[in-house]
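Participant: The listed protein sequences derive, respectively, from chains A and B. Mapped onto the UniProt record's numbering, the consecutive letters of the first sequence carry residue numbers 1 to 332. Mapped onto the UniProt record's numbering, the consecutive letters of the second sequence carry residue numbers 1 to 332.
For the record, the hints were derived by calculation from the structure and aren't laboratory data. Incorrect hints may appear among the rest.
For identical chains, the list gives no copy identity; a pair is met inside one copy or between any two copies.
[To be verified] Each computed DSSO-like pair below joins lysine-lysine, with the alpha-carbon atoms no more than 30 Å apart:
#, residue 1, residue 2
1, Lys266, Lys26
2, Lys112, Lys8
3, Lys63, Lys138
4, Lys178, Lys112
5, Lys325, Lys112
2 protein chains.
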Amino acid sequence: MRENTTLKKIAEQLSISISTVSRALKDHPDISPETKRKVNELSELLEYDPNPYAINLRTHSSKEFAVVVPSLSNFFYHSFISAIEEEARDLSYSVIIYRSSNDPKIEQQILKSCRHKRVSGIFIAITSETTDIEPFLKLDTHGIPVIFFDKVPQYESCNKICVGDEHAASIAANEIFKKGISNVIGIFGDKNMSITQARLKKFNEVLFKDDKEMNLKMVHAKSSDEAEQLTLSLIPDFIGKKFAIFCMSDEILAGTMKAIQRLGLKMPNDLGVIGISDGMIPKLFYPEITYAETSGYNLGKLAFSRMMRCIAGSSFAQTIIDESKLVQGGSI
Amino acid sequence: MRENTTLKKIAEQLSISISTVSRALKDHPDISPETKRKVNELSELLEYDPNPYAINLRTHSSKEFAVVVPSLSNFFYHSFISAIEEEARDLSYSVIIYRSSNDPKIEQQILKSCRHKRVSGIFIAITSETTDIEPFLKLDTHGIPVIFFDKVPQYESCNKICVGDEHAASIAANEIFKKGISNVIGIFGDKNMSITQARLKKFNEVLFKDDKEMNLKMVHAKSSDEAEQLTLSLIPDFIGKKFAIFCMSDEILAGTMKAIQRLGLKMPNDLGVIGISDGMIPKLFYPEITYAETSGYNLGKLAFSRMMRCIAGSSFAQTIIDESKLVQGGSI
DNA sequence: CTGAAAGCGCTTACAG
DNA sequence: CTGAAAGCGCTTACAG
């Protein structure tokens, strides 16, 4: 096994001191051009690369960001991470991706490891079970900025970057409204989730904004399968009427679409379908599903710029909401 | 910002030496029970956690594995990573996930960073553009085992863990055969990919194993859209016959399914569909698509045990092929 | 312009 | 059973 090149080795070969080599390599003004040239040449030759552990031990900084998500099998998080990585690369930070598996215990371990590694900052979508946010606040105390995204705590005074749940729901509701559809099934997620509450409330509100008569049936599904069953049981009452189904999330949309295929119904004639999505699932069907887009990519860009402001010293906590836009498929 | 607890701080408070604290903490037999008790107590109280940078600098070991994949938006990789993380956690290793974005340059950067970090080992699915595998072999020289999985280089003498392309293709072909279907459309991926070649060859071979008459049309699609277009243009010739479509991958399946929905055809009566998949996409349709399963999870378990054997000193390079199994949907 | 020295937080061979 | 010391590879204030 070949030894790694160190400053010492370069210094010895050039018969100069380690300090000089170190300075030459970082283009310190004190060092003569001639020395710099020699040092750079040799370090190229020997493929010198500084030992990050030594640097960190010395400087207490890692130039690393951590992104923590409950799950990776999620297009939304995937595009969020892409955005972070793009930005990070430009500033020669690296990005470590952690997966909490939606388990608060694992989340705590990850957090601890982030602290020990003295990462420069953390982007995190918390688990649905996370109750104690004390450890997150403590990291801020330790000088490690924490930016919450997507799944964020209730607690007020922290940095949060969220999808505009209300906005997305209102876009979807408006589209239904504009199509003159007055029979609507709304399938929402777990009652206890804050995004369910936000989306439901706004959806309802917009749909009833005029005093137009509306026949709205709202239900909750905790899984794709449940959404499928609910859709199957609800549709019969709507057959023959002009109606639409709103799916609050990709998971629900997947279940609903299975039911629709099972019943052999065609969009947009037999019924309309509209969702809120990051855009992968809706594109698997024909016609493609119309949806209000929640973009992980946008969210990532917003989160990153917030992070850089924190690193620059801003201690002001802020909640940023990303707006969504309607993406037309042919399903409604 | 609160300072981190160090060995020194504990030693001072207890008026003993740093060495003793260090030893007590790792339950060294030399140290008296009494001292151990005191040290452990105080370190609990002060929430002592060793500085990983210092340890690494000293011991040259990181207890960290790297997993490098071209993309995260891929259920297969996701389940591979899950398997690795499970195993790693048991041995208190941590796992860093890197994404090469299918760019060999980024892949090289990641590799370099793995080397500097002296990760304990690397699991990697290389990019489709990766030609130079020299740097990977060099890592082995540096004592960092590299296990290739899924997308592996041609080069013989390295550790590779692969999906059984031939086996999966033969399972799918056999199922078509067993159903007595003799008109078949086979949609394959990019001609240049080794998995395309392996799958195509075996599929063809099994389908023609008896001398039964077979009407097989094989085409290549580079994208989901292309698969959709091909399906649309090929189906008319098969309508009325008893026929099936084989989709080599999820990407192709997604395109083909869009075409089928567009034409309003029903499985399994109008046609049969069968694929090779990790199982997420097939479950989005009704009826669910029958597929030969390539399990990222299995692959991960296999890769991990291979890794541990490498770390234990095995230098013998090995190629391991994971078998697949048929998962019945109702599509054929 | 260059170098010697201290120190980041740990581990471990050596000495007692 | 415990401690002093060296050293992992770097950076940087200090001195010249």
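Participant: If a hint holds in the structure, say so; if it doesn't, say that too.
Facilitator: Now for the hints, and whether the structure bears them out:
1. Lys266 to Lys26: neither (65 Å within a copy, 67 Å between copies)
2. Lys112 to Lys8: between (33 Å within a copy, 20 Å between copies)
3. Lys63 to Lys138: both (20 Å within a copy, 26 Å between copies)
4. Lys178 to Lys112: neither (50 Å within a copy, 55 Å between copies)
5. Lys325 to Lys112: For Lys325 and Lys112, neither the intra-copy (38 Å) nor the inter-copy (40 Å) Cα distance is at most 30 Å.
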